[in-house]
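2 protein chains.
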Amino acid sequence: MRTTLRDVARLAGVSPKTVSNVVNGYLHVRAETRVRVEEAIVTLNYRPNLSARNLRRGRTGVIALAVPELDVPYFAELARHLVAAADAHGWTVLVDQTDGVRERERQVIGGIRDQLIDGLVLSPLALTAADLAERTDATPMVLLGERIHHGPADHVLIDNVAAAREATAHLLELGRTRVAAIGAQRSAAGVTARMRLRGYRAALAAGGVGYDERLVASTPHFHRADGAAAMAELLDSGARPDAVFCFSDLLALGALRTLAERGLRVPDDVAVIGFDDIEDGRFSVPTLSTISPDKRRIAGCAVDLLHRQLLTGAAGHADADGGPQEVYADYRLIARESTGASVPPVPSLPAGFSASVSVSSAPSVSSVSPVPPTAP
Amino acid sequence: MRTTLRDVARLAGVSPKTVSNVVNGYLHVRAETRVRVEEAIVTLNYRPNLSARNLRRGRTGVIALAVPELDVPYFAELARHLVAAADAHGWTVLVDQTDGVRERERQVIGGIRDQLIDGLVLSPLALTAADLAERTDATPMVLLGERIHHGPADHVLIDNVAAAREATAHLLELGRTRVAAIGAQRSAAGVTARMRLRGYRAALAAGGVGYDERLVASTPHFHRADGAAAMAELLDSGARPDAVFCFSDLLALGALRTLAERGLRVPDDVAVIGFDDIEDGRFSVPTLSTISPDKRRIAGCAVDLLHRQLLTGAAGHADADGGPQEVYADYRLIARESTGASVPPVPSLPAGFSASVSVSSAPSVSSVSPVPPTAP
DNA sequence: TTGAAAGCGCTAACAC
DNA sequence: GTGTTAGCGCTTTCAA
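So the protein sequences, as listed, match chains X and S.
Just so we're aligned, residue 1 is where the first sequence starts under the UniProt record's numbering, counting upward by one.
Just so we're aligned, residue 1 is where the second sequence starts under the UniProt record's numbering, counting upward by one.
Quick caveat, the hints were computed from the structure, so don't treat them as lab data.
Among the hints, a few may not be true.
If several chains are the same, the list does not tell them apart, and a pair holds so long as it fits within one copy or across any two.
What the hints assert, rightly or not - No farther apart than 25 Å at their CA atoms in a straight line, the calculated lysine to any residue pairs in the SDA-like style are these:
1) Lys-17 x Ile-112
2) Lys-17 x Ala-52
3) Lys-17 x Gly-90
4) Lys-17 x Glu-261
5) Lys-17 x Gly-58
6) Lys-17 x Gly-111
7) Lys-17 x Asp-114
8) Lys-17 x Leu-55
9) Lys-17 x Arg-297
10) Lys-17 x Arg-53
11) Lys-17 x Arg-2
12) Lys-17 x Arg-56
13) Lys-17 x Pro-48
In this text the structure is predicted, and so the values were computed from the model without any measurement.
Please construct the entire structure, taking both the sequences and the accompanying hints into account.
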């Protein structure tokens with residue numbers, strides 16, 4: 001049998017309450033008593049039962065992170081930062097994988113694991129505003145990404161329209177005129193894709209370049225295989241792109257692959273830019289230009305928002321501030337070889353240090369701005 | 001206040017026990033009663049308190065996965081499979097990130113979260129056999145990888161020596177004579193690296209090729225940056241390799257990057273093979289030959305072993321079978337462009353389907369063999 | 001500064 | 001089939 005607090009109390013000759021005080025760092029315990037208790041704890045190798053503590057305290061010290069796929073590098077990197085941020089608050093992270101399936105996402109917000117978790121960070125893909133409105137579970141929740149923009153929940157996101165506009169503008173500045181886009185999505189789930197498409201079109205308009213539907217490729221997902229297939233389609237269609245803005249780095253890596261197979265040079269024949277700044281793009285051949293969202297910040301904000309919700313007792317949003325929070329995280333454009341930036345020496349730096357050249361950074365986007373910096 | 005089982009019982013006009021029976025799917029409940037209870041549950045939006053249930057049952061339905069880094073693709077892919085396998089057993093996965101730091105790994109096996117988890121799957125990097133021997137926590141545990149080969153715990157691993165031998169032999173079969181190795185490690189943590197080096201040397205010996213120390217590059221980690229730096233070193237050293245066996249795919253991707261920068265052709269000038277079969281290698285330029293461990297199987301076995309330990313009540317191993325289990329998972333060699341395999345058409349298949357050509361598979365390695373297939 | 005008693009919400013025994 | 005009783009291990013009143 002496992003040793004309990006009572007066992008310790010018995011051995012130390014004190015009451016359970018005193019042991020509890022010692023364990024929880026309560027200050028007003030006589031030094032002598034404290035030592036006796038601590039010795040007993042060591043002797044018996046006592047460790048508190050967290051289930052019991054949770055039951056009593058009504059909190060568990062665990063938060064859940066729900067993402068579509070753990071092995072998509074963007075989510076993996078995000079998860080890493082979230083685990084670190086949660087750690088700082090004394091939280092452990094429990095991971096849910098939704099596969100982007102609406103029903104699973106509904107279950108997650110419905111409280112499948114409520115009372116086992118203090119909070120939830122969800123990166124939704126298929127969830128609708130209605131699903132969210134139906135939610136009755138009171139567990140604090142933070143949504144990641146643009147999916148349900150003005151829904152009744154705290155959000156952490158980046159300005160996808162502005163970022164996409166910048167990426168596209170970067171290609172136009174190279175003098176390219178037939179700029180393609182890969183990653184458009186018509187499904188209800190494609191909110192992020194639609195924002196990026198809007199930014200793409202805005203940049204074209206600003207650059208005085210006409211919008212050509214044939215240069216826009218839709219993809220079911222944002223994976224490498226989708227990017228490779230879409231690039232092949234674009235090339236076969238006779239649309240003759242001389243640059244491509246891919247809505248994710250994975251799409252871009254797939255596109256690079258197809259271009260290499262077709263014997264096209266990057267960036268000479270076709271310039272390529274992605275979105276996400278995953279580690280792969282720093283070592284691909286050629287290295288990949290991209291939009292780099294501040295993932296550390298996104299994770300940090302999500303955890304902070306959760307924390308605030310717990311303090312104010314609000315569910316899904318911080319009422320004290322008059323409604324759900326929308327926090328905008330920074331991003332920046334990173335130009336690498338795929339858009340003609342010079343070859344940096346191979347970095348022997350630890351991962352996380354970018355050896356690339358930052359050509360431009362977001363126009364003073366406040367990370368806590370309550371309104372999107374993009375004009376409506 | 002949250003609704004409790006008592007509230008439901010009151011509304012349905014039954015005892016708490018009956019509600020409990022319904023919730024837990026106990027069979028011998030009158031249909032009429034069951035319906036009444038279920039209605040009450042819906043009306044009150046009742047959801048059981050897991051902390052209370054856990055306290056009572058002594059189990060939590062949660063297992064922990066501890067890996068060095070969540071954003072290393074191999075671990076991310078493994079995590080994905082583990083979440084899926086755990087799901088099938090009704091378990092939720094809680095993720096710990098150790099950063100490969102020994103102290104954190106010790107904490108993990110020491111039971112930081114015991115009584116919050118039913119079991120632990122650990123992929124150790126720095127843990128020693130002594131650390132393991134000191135362990136007093138009784139939580140079921142399964143170790144992944146080769147770190148503490150004959151330690152007192154269940155293991156799931158692959159035959160690293162044989163796999164490395166095959167990878168190296170594959171390079172020799174191409175007619176290469178100056179086959180380099182990247183990823184050697186002298187530190188205590190480098191057990192996996194040492195097994196792979198052994199396989200490399202064995203293949204050289206079998207192929208009648210002399211061992212040349214100058215062709216072996218050590219790296220602190222198995223990351224892209226390490227591979228890139230090591231490849232640069234090898235090229236600068238005048239060792240003139242015409243092939244490289246990298247101990248991980250990330251190392252190999254880094255090496256490919258350096259080779260591209262130096263204007264060397266792969267595989268013409270230098271053939272490259274990696275280890276892990278991460279998704280990146282299926283789309284890199286060129287695509288990467290590799291050793292592919294059966295990750296789904298590894299995850300599945302780990303969960304099964306945990307399950308068995310829970311049933312037998314053993315801690316860290318299945319006593320019923322006379323000691324800790326060592327389960328060997330399959331692997332196979334996948335030849336792609338980096339060792340001269342023909343270019344497959346770009347797959348438009350969903351991720352997870354390899355479009356590559358399997359040139360050879362492991363020599364009938366049983367996945368449940370209790371002894372390593374490699375000769376001692 | 002410490003102790004005694006109560007109870008968090010649930011389920012395992014055992015009664016009926 | 002269903003109810004009663006007890007208690008999982010902890011923290012939280014409230015007294016002493």
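At most 25 Å between alpha carbons: which applies to Lys-17 and Ala-52, within, between, both or neither? Both: 15 Å inside a chain and 21 Å across chains, each within 25 Å.
Could you figure out if Lys-17 and Arg-56 sit no more than 25 Å apart (CA to CA) within one copy, between two copies, both or neither? For Lys-17 and Arg-56, the Cα distance is within 25 Å both inside one copy (14 Å) and across copies (21 Å).
Within, between, both or neither: how does the pair Lys-17, Leu-55 come out at a Cα-Cα threshold of 25 Å? The answer is both: 17 Å in one copy and 19 Å across copies each meet 25 Å.
For Lys-17 and Gly-111, with the copy left unspecified, which applies at a CA distance of at most 25 Å: within, between, both, or neither? between (33 Å within a copy, 24 Å between copies)
Alpha-carbon proximity context of Lys-17 and Arg-53, limit 25 Å: Both ways: Lys-17 and Arg-53 sit 13 Å apart in one copy and 24 Å across, limit 25 Å.
Are the CA atoms of Lys-17 and Gly-58 at most 25 Å apart within a copy, between copies, both, or neither? both (18 Å within a copy, 23 Å between copies)
For Lys-17 vs Gly-90, is the C-alpha pair at or below 25 Å within one copy, between two copies, both, or neither? within (23 Å within a copy, 36 Å between copies)
One pair to classify: Lys-17 and Ile-112, alpha carbons no more than 25 Å apart. Within, between, both, or neither? This pair counts as between: shortest inter-copy Cα distance 22 Å, intra-copy 34 Å.
Under a CA distance limit of 25 Å, which applies to Lys-17 and Pro-48: within one copy, between copies, both, or neither? within (13 Å within a copy, 28 Å between copies)
Should Lys-17 paired with Arg-297 be assigned to within, between, both, or neither, using CA atoms and 25 Å as the limit? neither (41 Å within a copy, 48 Å between copies)
Given identical chains, is Lys-17 near Asp-114, meaning Cα to Cα at most 25 Å, within a copy, between copies, both, or neither? between (29 Å within a copy, 22 Å between copies)
Homomeric proximity label, Lys-17 with Arg-2: Cα distance no greater than 25 Å: within (19 Å within a copy, 27 Å between copies)
Hint check: violations occur at hints 4, 9; the rest are consistent with the structure.
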